[in-house]
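K.L.:
Protein chains in written order, with this note's numbering: chain V, 1 to 389; chain S, 1 to 389; chain E, 1 to 389; chain B, 1 to 389.
Since the hints were made in silico from the structure, they are not lab data. Every residue gets a Cβ at the ideal spot worked out from N, C-alpha and C, and that includes glycine. Heads up, a few of these hints could be off.
Pair ranges (Cβ atoms, derived) [what the hints assert, rightly or not]: (1) V:MET1 x E:ARG238: 51 to 59 Å; (2) S:ASN36 x B:ASP259: 34 to 42 Å; (3) E:ASP55 x B:LEU56: 53 to 61 Å; (4) V:ARG325 x B:PRO353: 55 to 63 Å; (5) B:VAL324 x S:ALA116: 54 to 62 Å; (6) E:GLU10 x V:ASP43: 24 to 32 Å; (7) V:PRO167 x S:VAL80: 48 to 56 Å; (8) S:ASN36 x B:LYS138: 39 to 47 Å; (9) E:ARG76 x B:ALA116: 31 to 39 Å.
Some chain B residues flagged as far from chain E (calculated, every beta-carbon gap over 12 Å) [unchecked claim]: (10) GLU64; (11) ARG131; (12) THR180; (13) ARG209; (14) PRO219; (15) PHE247; (16) ALA275; (17) LEU334; (18) LEU341; (19) ASN343; (20) ILE363; (21) ASN369.
Number of protein chains: 4
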Amino acid sequence: MLISGKEKLERMRDGRAIYIGAERVDDVTRHPAFRNAAGTIADLYEFKADPDRRDLFSFEENGERYGLPWLRCRTREDLVRRMRAMKAIADATYGLIGRSPDHVAGLITGLAMKPALLDALTPGFGGNLTRYYEHARKNDLYVSFAVTPPAGIRSREIFTGEARDDPTLQVIAEGDDGVTISGMKMLATGAVFADEVWIGNLTPIDDKRASESITCALPVNTAGVSFWAREPYARHARHEADYPLSFRFDETDTVLVCDVVKVPWERVFLHNNGAMSRRIYIETPANCYQNHQSNVRFWAKMALIVGLASRMCQANGVDRIPAVRDTLGRLAALEATIGGLVNGQIEAYEQWPDGYATPNRRIMYATLNWCQCAAHARGRGAAADAGEH
Amino acid sequence: MLISGKEKLERMRDGRAIYIGAERVDDVTRHPAFRNAAGTIADLYEFKADPDRRDLFSFEENGERYGLPWLRCRTREDLVRRMRAMKAIADATYGLIGRSPDHVAGLITGLAMKPALLDALTPGFGGNLTRYYEHARKNDLYVSFAVTPPAGIRSREIFTGEARDDPTLQVIAEGDDGVTISGMKMLATGAVFADEVWIGNLTPIDDKRASESITCALPVNTAGVSFWAREPYARHARHEADYPLSFRFDETDTVLVCDVVKVPWERVFLHNNGAMSRRIYIETPANCYQNHQSNVRFWAKMALIVGLASRMCQANGVDRIPAVRDTLGRLAALEATIGGLVNGQIEAYEQWPDGYATPNRRIMYATLNWCQCAAHARGRGAAADAGEH
Amino acid sequence: MLISGKEKLERMRDGRAIYIGAERVDDVTRHPAFRNAAGTIADLYEFKADPDRRDLFSFEENGERYGLPWLRCRTREDLVRRMRAMKAIADATYGLIGRSPDHVAGLITGLAMKPALLDALTPGFGGNLTRYYEHARKNDLYVSFAVTPPAGIRSREIFTGEARDDPTLQVIAEGDDGVTISGMKMLATGAVFADEVWIGNLTPIDDKRASESITCALPVNTAGVSFWAREPYARHARHEADYPLSFRFDETDTVLVCDVVKVPWERVFLHNNGAMSRRIYIETPANCYQNHQSNVRFWAKMALIVGLASRMCQANGVDRIPAVRDTLGRLAALEATIGGLVNGQIEAYEQWPDGYATPNRRIMYATLNWCQCAAHARGRGAAADAGEH
Amino acid sequence: MLISGKEKLERMRDGRAIYIGAERVDDVTRHPAFRNAAGTIADLYEFKADPDRRDLFSFEENGERYGLPWLRCRTREDLVRRMRAMKAIADATYGLIGRSPDHVAGLITGLAMKPALLDALTPGFGGNLTRYYEHARKNDLYVSFAVTPPAGIRSREIFTGEARDDPTLQVIAEGDDGVTISGMKMLATGAVFADEVWIGNLTPIDDKRASESITCALPVNTAGVSFWAREPYARHARHEADYPLSFRFDETDTVLVCDVVKVPWERVFLHNNGAMSRRIYIETPANCYQNHQSNVRFWAKMALIVGLASRMCQANGVDRIPAVRDTLGRLAALEATIGGLVNGQIEAYEQWPDGYATPNRRIMYATLNWCQCAAHARGRGAAADAGEH
């Protein structure tokens, strides 16, 4: 079931602990730093739930309808449908909501196409993942993720693995009913508006730090869980005309802090395995599905850039100057390039075991690389924006 | 019928007038400047004619088999087959024979998908084109082309259109049996080894210069037709080990000179129309098919570059240095990018009137743009190589 | 006489008409949008006036001391002294106050090295300029400038010169006591904190629009003169720690609006000459001195960038990763490059008539070009920042 | 004494062992692969020896005149004179003779400004160096150098230091009268035409390989010494018009092979010290003087590029197209940039112990970095050309 925008707003009022500096935010749907972006997310849900767009945004399985980002594709046509749904979602926010609900949906769906991998690591965890996948798609969940250790301690962690008193989120106890975790994890983008948060690792973990490898998922309003937002841009955007982007599209990054949080076993997908905590995304379609969404979103964003550049040149009356036309033509070619690459991933799609299919991974990673270079060439230093974890 | 390499070599011994400076080349299949490249072309024909590769390189129409580059595609599957044939041709020479027989074949095939355009300009010329298309594919012809005016006089021609005594190839007389042409045209790449030469314009022509708009095709050994080669690289390449590329792959550029040459009407496809002499390629699939081949060839060449870089780093024992690996990874990503773009053109293919299909043109032109930038980034200034006319 | 910071703040409280949207700013030294930057400017004055830095910041002429930016250099040593003073000014704000008082001081000083040019255009105007130069340096004035027509109407103005109802600042009447001007001009950076505003043209003016060529200077608090600020960044910068740059260094751009403003003849330096209204800066040392300051300031800014990058890498513990060290090394090389170019301008200095000297102009313009490319390479799209009018 | 071109040609006929593949070259001044470049070098000597250019090319010390590249500078004026001499030498070959005689002259002169460093490593070696410096400048020697180990074995050497049977030039015996060396060293550019060859290391040497650290100098015709040229370009350049650069300026790279060669102690400057064999150039002015010459030469070459681009655009009639003018303008700015950087090195020159002076080293290295980037931007992959060892 795809839920309405109103339902999505309701879900955001669940007592979640959001902080801006020392300020505890009472209700993210009403707070000036977040209310507009909350509205944008709600609009996205409303847009997707529109019965007239049923085929664009959902698929049927065993008599129930789910959002297309949750589709475990089997054919080229499946991949096309899934991509078009994500493109429509991205277009709706000009690609500016980078971690829209379809991003982590892709990651979870990718894992659900090969749960045996998780089972092989710890018997039963593959089943946990499959049940979580079913739960998430059935409830049209918006899952955000926190998958890197805090900056500033990364190098010691990765490169030398020495003992230290570590603020990184890790398992501090385990028992019959689950594990207990404490510590910080980054960069839970969009978590302020999400339903759940996925905890894991997209950077390599030293095996000596196996307690940090914990991979699990929690509702954002779980006791002991809090999110610490960076300075919200939306707060400065008093007039939409002055800050048309920040005004609506500030999805916000946050630091996830877990303070002695219980995670039941059914929500644990990997434990005590540094190397594999990252590789599960590579050895399943997870990383591919996730980053394919990033490619698609970047495509939408490129259209915004081309359109803006074109309109600005017209407004300034310079659009007929040959050098300007040349530059606009090259920008338009960039939009066609990213579009071509996304299409090429599907044309050259890959078959996986059990009849599944993914976009072509080499082309997908090449697209990430291209996005970083294009972002660079655009003069925006937007590498972090282009390339995903 | 696909002809053998031996037959192709035979055809090159037809009395064609090839000059290197003041030297008239007697037999291109034996002259040290050309014999190796002649052998390379012959090998290509032999390779294509191999019965075991029949499905890779040819298609059936009305009971006869033709080379796949001549296929007027109707479906996505047609486009895939045609692309794979061209990729195999390009791979066979590492993409270094830029104007292999499939290049101009694409241009002619594209025109043959909309001959009504030529008929609308001059009644009967559409039929001329269709018959030439049938003739060329039936005889497995290698057609080269000369489609730009001599450098050094371009600017006056294009930008001011003033009267002058003009060396550019143009019609100097016409009669019942055809037109008479004289003058120079560039840059007939591969003409030394081809069967025919296509004469036309890929740069805009001022309407005052309508006599230069003549678009026609001639056997390379036509009386009055000569080709003046640039300095052949192969001549310096005494040892294959020293010049592995020039030794075999010097396809040569030439200046076409026509000295009072008669062209029968049946070989004329456009006459007296400056603006349209270029636009016929744009308003039909011609330019798209032609440049799609260039994209595919560039893909093959990029694989050579990536492979060479990789082997050189291994040979120097530097392939495990992180900065080198990073660069090799980026090069490999470039190869995947061009591959993704070629595939994307097909995934997003376009429907044309009469049931025909072409690769997506916006993506195709974006790929040309990307090739130029990639060529630049590779530090080879190979813009001319990457972007085609 | 170099004035103190306190005196500078006093001067800002002169009834000047500053607007942020509909809001009239009462006192720029107290308004939250401007008070910190006002303090920064005052600190600069205090810093320069420090008796211990007398030789660094001032020179003596006819028994009086003036700020070094006002020095009409005659020797290489003069150029070195002047550059060092400007570097110290730029370093004091990390190069972030782009239009510090020494910028337009350079422009006026350059004109004062060849006032005969103005006299040749209109007898007496050279004398006006010389007297204004004396006045400005004697009073340690902070002069800002507005030297481009409003964006959006530029193209028609420059390229076609058609008649229209034009918002650009122009002379609407002239009489025995001076001219009357009305209209808008951009981009009076720093005018909010300046003492006077120079009005002129750094873009070419069509001769049909000669009334727009007016070149003059006015106190910022002149009746009928107002400045309309862009959205102030400082207003969002509630905590210095969050916005360390906007907090102090938001010098602000403004649109200058003149509403039927009288300019006495003694303050007019050029009138009714479209072509020369720009060329007076090129044919005198004005443009060179002005942009030399920009080069010097960019040098200071590059040191900030290098330093920040270095500290951020240390803070994240990544500064010893080879790829990071390589990037930091290249950044440090950029700082040395801009330093080398500024020094090179002085080493290769040019002699002018009347014994004057300027930095080498070809190198100076090449430095502007380099700054734009470097800005681009830094991924900041800061061309406007790097290249000056 | 500066010697004449004729004398220089004589010196090249000294029995030196030069090989092109299996072919032993009898007389480099007459062999088609080398005679033109030999003539170019002779012309350079003739040009420098012209009495009318005495002040441009030479300085006086203790009553004798020496070439300016051998000047141990003490003042800014010295640095200016030395730079101007090198610029005139570079201009005479458009910067295409990269290792003209002033290159290694700078390296030796730099060592001669701090011979105590060599003495501190091995007593007496400083004196050896000083006497060699005196000898070289007195005889106007052309010294080439071979300062890197053979490619392909570098990584093992640098990164792991494992035992192997090593083709790298090394000391195989030592006795009272000197050391005996055997092995290969690269990339003795210009050695075919030089008088002597300097052997040493510009890449780091593992201390386990101390026998490779040998730093010495030998006449090119020493028994057991041979030079193996890469494929000469000049051989293909039958007509100057076709290959105007290769025809005259092919200075040639060679692999130096020493086959049990005796080096007397007086020609040894460093022995058995891996780390210092490279650092002696860094801790003296040697590396700075050497690379300053490379910067100056690159400046000359950039002028050739700008000039050629300009002439080609004129010849093609495209020089007035705005986009072309823009590109030509940027190329001209590159020439001014390198000129500005060379001048800036001198303006910001550094004082050394004993009253010596060098160009500013940070700016000099930044210039090397810029040259590599510029070479890259020119699309020539000429990093190796731009950046020197």
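K.L.:
Please go over all the hints and tell whether each is borne out by the structure.
P.N.:
Verification of the hints:
1. V:MET1 x E:ARG238: 51 to 59 Å: 43 Å Cβ-Cβ, so the 51 to 59 Å window is violated.
2. S:ASN36 x B:ASP259: 34 to 42 Å: Holds: the Cβ-Cβ distance is about 37 Å, inside 34 to 42 Å.
3. E:ASP55 x B:LEU56: 53 to 61 Å: For ASP55 of chain E and LEU56 of chain B the Cβ distance comes to about 38 Å; the hint is violated.
4. V:ARG325 x B:PRO353: 55 to 63 Å: 60 Å Cβ-Cβ, so the 55 to 63 Å window holds.
5. B:VAL324 x S:ALA116: 54 to 62 Å: violated, 39 Å
6. E:GLU10 x V:ASP43: 24 to 32 Å: Check failed, 53 Å falls outside 24 to 32 Å.
7. V:PRO167 x S:VAL80: 48 to 56 Å: holds, 53 Å
8. S:ASN36 x B:LYS138: 39 to 47 Å: violated, 53 Å
9. E:ARG76 x B:ALA116: 31 to 39 Å: Distance hint for ARG76 of chain E, ALA116 of chain B holds at roughly 34 Å.
10. GLU64: Label holds. Min Cβ-Cβ 30 Å, cutoff 12 Å.
11. ARG131: At roughly 35 Å from the nearest Cβ of chain E, ARG131 of chain B sits farther out than 12 Å, so the non-interface label holds.
12. THR180: Non-interface label on THR180 of chain B holds, nearest chain E Cβ at 38 Å vs cutoff 12 Å.
13. ARG209: The assertion about ARG209 of chain B holds, with a minimum of 22 Å to chain E.
14. PRO219: holds, 39 Å
15. PHE247: The claim holds: PHE247 of chain B sits with its nearest Cβ about 32 Å from chain E, beyond 12 Å.
16. ALA275: holds, 20 Å
17. LEU334: Since the minimum Cβ distance to chain E is about 7 Å, LEU334 of chain B lies within 12 Å and the statement is violated.
18. LEU341: violated, 5 Å
19. ASN343: It is violated; ASN343 of chain B is separated from chain E by about 4 Å at its closest Cβ, not greater than 12 Å.
20. ILE363: Violated, since 4 Å does not exceed 12 Å.
21. ASN369: Violated, because the least Cβ-Cβ distance between ASN369 of chain B and chain E comes to about 4 Å, which does not exceed 12 Å.
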